[in-house]
Amino acid sequence: MNAAQHILDALQRHQIDTVFGYPGGCIMPLYDALVAEDVGVEHVLCRHEQACALAADGYARASGRTGVCIATSGPGATNLITGVANAHRDSIPMLVITGQVPSSLIGTDAFQETDVLGMTLGIVKHSYLVTEASDLPAIMEEALQLAESGRPGPVWIDIPKDILLTDIGEPTAPAPTTATPLPDPTAEIDEALAMLREANMPLLYSGGGVSLAHAESAFRRFAKASRLPNVVTLKGIGNPGYDNADQMGMLGLHGSKAANMAVDTCDLLMVVGARLDDRATGAVSTFAPNAKVIHIDTDAAEFGKLRAADLAIRGELGAILNGMADALVRQPLTIENWRQQCATWRKTQGFQAAINEDPHAPISGPEFMRQLTDIAPRDAIVACDVGQHQMWVAQYCRFDHPRNHLSSGGLGTMGFGLPAAIGAQFAFPDRPVINVTGDGSFMMNAQELATIRRHRLPIKLIIMDNQCLGMVRQQQELFYENRESQINLDDNPDFLALARAFDIPTLAIQRTDQVRRGIQTILAYDGPMLLHVSIDRSENVWPIVKPGASNRDMLDESQRPTSTTAKNKESAA
Amino acid sequence: MTASADHTTHTLSCRMQPEPAALERLCQVARIRGFRIEEMQVRTDADGLAIDMVLSGQRSIDMLRRQIEKLHTVCSLRSPEQALTGIRQSA
Ligand SMILES: Cc1ncc(C[n+]2csc(CCOP(=O)(O)OP(=O)(O)O)c2C)c(N)n1
Ligand SMILES: [Mg+2]
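If you read the protein sequences in the order shown, they are chains A and B. Here my numbering runs 3 ahead of the position in the first sequence, where the first position is 1. Here my numbering runs 798 ahead of the position in the second sequence, where the first position is 1.
Honestly, I wouldn't trust all of these hints.
Stated by the list, open to error - Cut-off 25 Å, straight-line C-alpha distance, at most; resulting in silico cross-link-like pairs (DMTMM-like, lysine to aspartate or glutamate):
id: 1; chain 1: A; residue 1: LYS549; chain 2: A; residue 2: GLU487
id: 2; chain 1: A; residue 1: LYS350; chain 2: A; residue 2: GLU319
id: 3; chain 1: A; residue 1: LYS549; chain 2: A; residue 2: ASP539
id: 4; chain 1: A; residue 1: LYS350; chain 2: A; residue 2: GLU542
id: 5; chain 1: A; residue 1: LYS308; chain 2: A; residue 2: GLU191
id: 6; chain 1: B; residue 1: LYS868; chain 2: A; residue 2: GLU145
id: 7; chain 1: B; residue 1: LYS868; chain 2: A; residue 2: ASP138
id: 8; chain 1: A; residue 1: LYS308; chain 2: B; residue 2: GLU867
id: 9; chain 1: A; residue 1: LYS295; chain 2: A; residue 2: GLU191
id: 10; chain 1: A; residue 1: LYS295; chain 2: B; residue 2: ASP860
id: 11; chain 1: A; residue 1: LYS295; chain 2: A; residue 2: ASP329
id: 12; chain 1: B; residue 1: LYS868; chain 2: A; residue 2: ASP281
id: 13; chain 1: A; residue 1: LYS308; chain 2: B; residue 2: ASP860
id: 14; chain 1: A; residue 1: LYS308; chain 2: B; residue 2: ASP843
id: 15; chain 1: A; residue 1: LYS295; chain 2: A; residue 2: ASP280
id: 16; chain 1: B; residue 1: LYS868; chain 2: A; residue 2: GLU191
id: 17; chain 1: A; residue 1: LYS350; chain 2: A; residue 2: ASP302
id: 18; chain 1: B; residue 1: LYS868; chain 2: A; residue 2: ASP313
id: 19; chain 1: A; residue 1: LYS350; chain 2: A; residue 2: GLU191
id: 20; chain 1: A; residue 1: LYS549; chain 2: A; residue 2: ASP516
id: 21; chain 1: A; residue 1: LYS350; chain 2: A; residue 2: ASP559
id: 22; chain 1: B; residue 1: LYS868; chain 2: A; residue 2: ASP280
id: 23; chain 1: B; residue 1: LYS868; chain 2: A; residue 2: ASP493
id: 24; chain 1: A; residue 1: LYS227; chain 2: A; residue 2: ASP193
id: 25; chain 1: B; residue 1: LYS868; chain 2: A; residue 2: ASP187
id: 26; chain 1: A; residue 1: LYS295; chain 2: A; residue 2: GLU201
id: 27; chain 1: A; residue 1: LYS308; chain 2: A; residue 2: ASP187
id: 28; chain 1: A; residue 1: LYS308; chain 2: A; residue 2: ASP280
id: 29; chain 1: B; residue 1: LYS868; chain 2: A; residue 2: ASP302
id: 30; chain 1: A; residue 1: LYS308; chain 2: B; residue 2: GLU822
id: 31; chain 1: A; residue 1: LYS308; chain 2: B; residue 2: ASP845
id: 32; chain 1: A; residue 1: LYS295; chain 2: A; residue 2: GLU339
id: 33; chain 1: B; residue 1: LYS868; chain 2: A; residue 2: GLU319
id: 34; chain 1: A; residue 1: LYS227; chain 2: A; residue 2: ASP187
id: 35; chain 1: A; residue 1: LYS227; chain 2: A; residue 2: GLU319
id: 36; chain 1: B; residue 1: LYS868; chain 2: A; residue 2: GLU144
To be verified - Selected chain A positions facing chain B (in silico; Cβ < 8 Å):
id: 37; residue: LEU120
id: 38; residue: MET122
id: 39; residue: GLY125
Calculated directly from the structure, the hints in this document are not laboratory data. Since this is a predicted model, take the numbers as computed values, not measurements. C-beta: ideal position from N, C-alpha, C; glycine also.
Between the sequences and the hints, there should be enough to build the whole structure, so can you do that?
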């Protein structure tokens, strides 16, 4: 058995049934191994390596299993980089396999040689350049274990072509890997409980780490037992589930005023699986100014990185949260006044999509998302792109589970949504998968319509078309005195014709009274379908925190500069 | 080059597995997390790589230590000021 066959063998043993890749010279031995009849791994040919990596990311985000992407050396590997960086910034478990030029040619500027190991150091959890074929089985085991364990992340294996072809005998049962146990958190749990009991206005702040640690049910148990008012980061959306009565939604740059006010007021902030990113905290010097901080994470490097923690607990999130929930069930917290205060804020300062009574009014982003979330089934997976539409999803769609909301958080990668939706659909062939995209983002990986077509993936594509790079336009309006620069997309292609070229049926809507039927129609259709939604170019995401400002000082629509006509209005011609 | 006034100097001793990119990983983490490498000594022995570094920067050295400890091929990390004869003592 050659090394390439060993790779497939290892994937199968780890129950990885789907990989996303694109062939080429140096990775051909692996593609040759894929031809064998008894291979239990389905290979999905995306149409750009970036989409392979982003699809693997979407597969991993939706399922919690490791996503795998494969490419050839040189341009194949460099095309992967954005997708791998995306996974790295959001701690998504991923295995990246690339072919490299033959060992003897490394360092000779050979055809399609690039220093993959060197140029990817900053975007991987770990990486390998395989120099001995016999090392490969052990490297595969270690890489898969590393990708998933602790704080997950992408692990990259670069393999010279000659090594892929080397016969290394039959596979032997891999030595069981023993992960080093995390410290016992019992003492810290008691301390955290004491801090919670002492606080008058404690607030729960959770992020993507909850689902990465597979601690969703422990989190809900804790939230229910503690009855803590709670806020979420972009990646924590869905942590509390539909039914948590104390949730105040997303905080931060485009968070709700209610969430930001609660953070500003609280006297104890319990941070779970979050890294206090600048988009969430605003000016960190004025963030949660009155609060003691309990920080719970698996990665010790997050403690005190941006905000000092009064108590840092490193360990298994699930065990810690369950331990705390047990104690709170026995003796609940007494925080009724604070809960009432937060409930009032939620009602008066939460996200409220204005309902437009005029049936002929143009469609507004928030109102569209509100209807989408009302109509879409509870188990629908929504993969967003990046921009205003992404924020409207975060603000107005409700999610019962964090893995149902796929959004590029740390990197903010335009072009993420479509390949991520493809990955999610492969992970869950029977669940509804919806890609909410913008007219700018859609064009970044539009070639993946070919992947949808090939596999007849029943993905629903919703393009929120404002004929511009809306998020950039908004910032230019608010922070650059409305000087528009290179954001105009009024010469967009005919998206409907584009979809039809890939045998994807379409529907276009422009008016408020068409929204419900439009959403119902695409969701009911048995197959892929594209809904083109024309929206107003000048619509903004509200509220917003000015760059560098405190979350306390959110701007809302009433503070919009009066002149909404752009200076230097460019045309695309 | 010497550390400027507002920079603090620190010494770190690190043991790493001798894989091809070991030093690059270490140097990159130091740079990205806000430190400059003022001096560096590397030896290879039966246990792998032994690296002594003098670093300067304005940020907390503990934060850097925790980032370095996350590198999979780092076996141990210490700040043994005394053990570093031959390398300038920290200021
Ligand atoms: C790959 C990439 N390039 C540039 C950006 C910067 N950027 C952030 S949002 C945005 C505009 C997105 O436009 P569109 O997809 O139409 O969404 P809209 O904001 O209009 O809803 C841009 C250019 C980015 N996030 N990713
Ligand atoms: Mg747009």
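For each hint, the structure was consulted:
no. : hint                  : in the structure
1   : A:LYS549 <-> A:GLU487 : 18 Å, holds
2   : A:LYS350 <-> A:GLU319 : 35 Å, violated
3   : A:LYS549 <-> A:ASP539 : 23 Å, holds
4   : A:LYS350 <-> A:GLU542 : 24 Å, holds
5   : A:LYS308 <-> A:GLU191 : 20 Å, holds
6   : B:LYS868 <-> A:GLU145 : 15 Å, holds
7   : B:LYS868 <-> A:ASP138 : 23 Å, holds
8   : A:LYS308 <-> B:GLU867 : 15 Å, holds
9   : A:LYS295 <-> A:GLU191 : 15 Å, holds
10  : A:LYS295 <-> B:ASP860 : 21 Å, holds
11  : A:LYS295 <-> A:ASP329 : 23 Å, holds
12  : B:LYS868 <-> A:ASP281 : 22 Å, holds
13  : A:LYS308 <-> B:ASP860 : 10 Å, holds
14  : A:LYS308 <-> B:ASP843 : 34 Å, violated
15  : A:LYS295 <-> A:ASP280 : 18 Å, holds
16  : B:LYS868 <-> A:GLU191 : 22 Å, holds
17  : A:LYS350 <-> A:ASP302 : 36 Å, violated
18  : B:LYS868 <-> A:ASP313 : 23 Å, holds
19  : A:LYS350 <-> A:GLU191 : 35 Å, violated
20  : A:LYS549 <-> A:ASP516 : 34 Å, violated
21  : A:LYS350 <-> A:ASP559 : 16 Å, holds
22  : B:LYS868 <-> A:ASP280 : 19 Å, holds
23  : B:LYS868 <-> A:ASP493 : 47 Å, violated
24  : A:LYS227 <-> A:ASP193 : 19 Å, holds
25  : B:LYS868 <-> A:ASP187 : 20 Å, holds
26  : A:LYS295 <-> A:GLU201 : 11 Å, holds
27  : A:LYS308 <-> A:ASP187 : 23 Å, holds
28  : A:LYS308 <-> A:ASP280 : 10 Å, holds
29  : B:LYS868 <-> A:ASP302 : 9 Å, holds
30  : A:LYS308 <-> B:GLU822 : 23 Å, holds
31  : A:LYS308 <-> B:ASP845 : 32 Å, violated
32  : A:LYS295 <-> A:GLU339 : 20 Å, holds
33  : B:LYS868 <-> A:GLU319 : 17 Å, holds
34  : A:LYS227 <-> A:ASP187 : 24 Å, holds
35  : A:LYS227 <-> A:GLU319 : 19 Å, holds
36  : B:LYS868 <-> A:GLU144 : 19 Å, holds
37  : LEU120                : 5 Å, holds
38  : MET122                : 11 Å, violated
39  : GLY125                : 6 Å, holds
Checked against the numbered hints listed earlier, the structure breaks hints 2, 14, 17, 19, 20, 23, 31 and 38; every other hint is satisfied.
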